[in-house]
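Colleague: Using the sequences and the hints given, assemble the complete structure.
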Amino acid sequence: MVAVFMLAATVWPQMSMFSLAGMLQDEGCDADAPMHILLSFDDRAHLDDWVEFAPMLAERNVVATFMLDRVGTMEESDWQKVQVLLDHGHALGYHGEHHLGAEASGLTPEAWVQQEVLPSMDAFASRNLSAEVLAMPRGDSTAEHEAAVLEVVERVRLTAGPAHEDVTPWASGCGEGPVHKAVSLDERWGGVDRWLPEVLALREGAGFGVVHAYGHEVGGEGVDPDALIELIDASQTRGWSWVGYDALP
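Residue numbers (our numbering): 2 to 250.
Hints were generated in silico from the structure; no laboratory data involved.
Heads up, the beta-carbon is just placed ideally off N, CA and C, and yes, glycines get one too.
Be a bit skeptical, because a hint or two may be false.
Claimed, not checked - So the derived label-pair ranges between C-beta atoms look like this: (1) E111 with D234: 44 to 52 Å; (2) A46 with G206: 33 to 41 Å; (3) G206 with H99: 39 to 47 Å; (4) H100 with W80: 12 to 20 Å; (5) H100 with T238: 36 to 44 Å; (6) G221 with P250: 30 to 38 Å; (7) P35 with D141: 27 to 35 Å; (8) P35 with A59: 17 to 25 Å.
Modeller: Shown next, in the form of structure tokens:
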């Protein structure tokens with residue numbers, strides 16, 4: 002895995018080609034931007050996986066953000082598991098009260114926020130918890146829905162491939178602004194080995210200092226834990242840190 006990560010740097014000379022092809026956003030990141038990776042996991046159904054994996058991340062000074070959907074139906078045992086995540090220094094995010102895609106819902110942006118965001122925020126607040134990011138369920142979003150979300154939440158996290166051939170993993174954002182696109186780490190979409198090493202090499206060469214990455218379950222068709230741990234170790238030796246969304250400007 003480390004070898005793959007190092008070899009990926011050889012793709013940097015192709016940066017101008019990717020840019021000309023429209024495959025990289027012109028994001029204007031500062032050359033001295035911090036080298037950060039924001040790791041998030043989606044869907045409360047995988048809470049048991051997260052609890053098991055959380056200590057291994059914490060041992061490596063990795064802060065992950067766990068996006069919780071269906072918060073209103075969480076039982077006390079679920080909240081106890083959430084507390085384990087927090088005890089290991091991780092962060093929480095919202096993921097839609099019913100995991101309902103914004104555009105697919107047919108709701109106006111304001112109505113979608115009323116139904117999908119505010120109940121989760123109230124449930125968090127009842128336990129003296131809060132979150133500054135919402136991951137749009139199913140990656141289903143519109144600019145109008147994002148604007149409505151940003152009226153009540155600091156940041157919105159979208160998805161950026163490789164679910165479709167016409168969506169590249171490079172469009173992951175550089176940390177500026179309130180809307181961010183994350184690269185999939187799931188095995189079903191190519192996995193850690195295939196995508197993130199190349200993204201980091203391109204970002205590093207360009208001075209784009211922030212990469213957003215996300216997964217779902219740990220193992221199976223989700224995130225390969227061994228591959229991710231190897232990449233964490235390799236990236237940290239190169240000066241990258243794995244942080245929560247509160248580290249962004």
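Colleague: Does the Cβ pair H100, T238 satisfy 36 to 44 Å?
Modeller: Between H100 and T238, where Cβ atoms are some 37 Å apart, the hint holds.
Colleague: Please check whether P35 and A59 have a Cβ separation lying inside 17 to 25 Å.
Modeller: holds, 20 Å
Colleague: If I claimed the Cβ atoms of G221 and P250 lie 30 to 38 Å apart, would that claim hold in this structure?
Modeller: holds, 36 Å
Colleague: Would you say the C-beta atoms of G206 and H99 sit inside 39 to 47 Å of each other?
Modeller: Between G206 and H99, where Cβ atoms are some 41 Å apart, the hint holds.
Colleague: Should the hint that E111 and D234 are 44 to 52 Å apart at their CB atoms be regarded as holding?
Modeller: Holds - the Cβ-Cβ distance for E111 and D234, about 45 Å, lies within 44 to 52 Å.
Colleague: Quick one: are A46 and G206 within 33 to 41 Å, going by C-beta?
Modeller: holds, 37 Å
Colleague: Range hint 27 to 35 Å: satisfied by the CB atoms of P35 and D141?
Modeller: holds, 30 Å
Colleague: Within 12 to 20 Å: is that where the Cβ-Cβ distance between H100 and W80 falls?
Modeller: Between H100 and W80, where Cβ atoms are some 18 Å apart, the hint holds.
No hint from the list above goes unmet by this structure.
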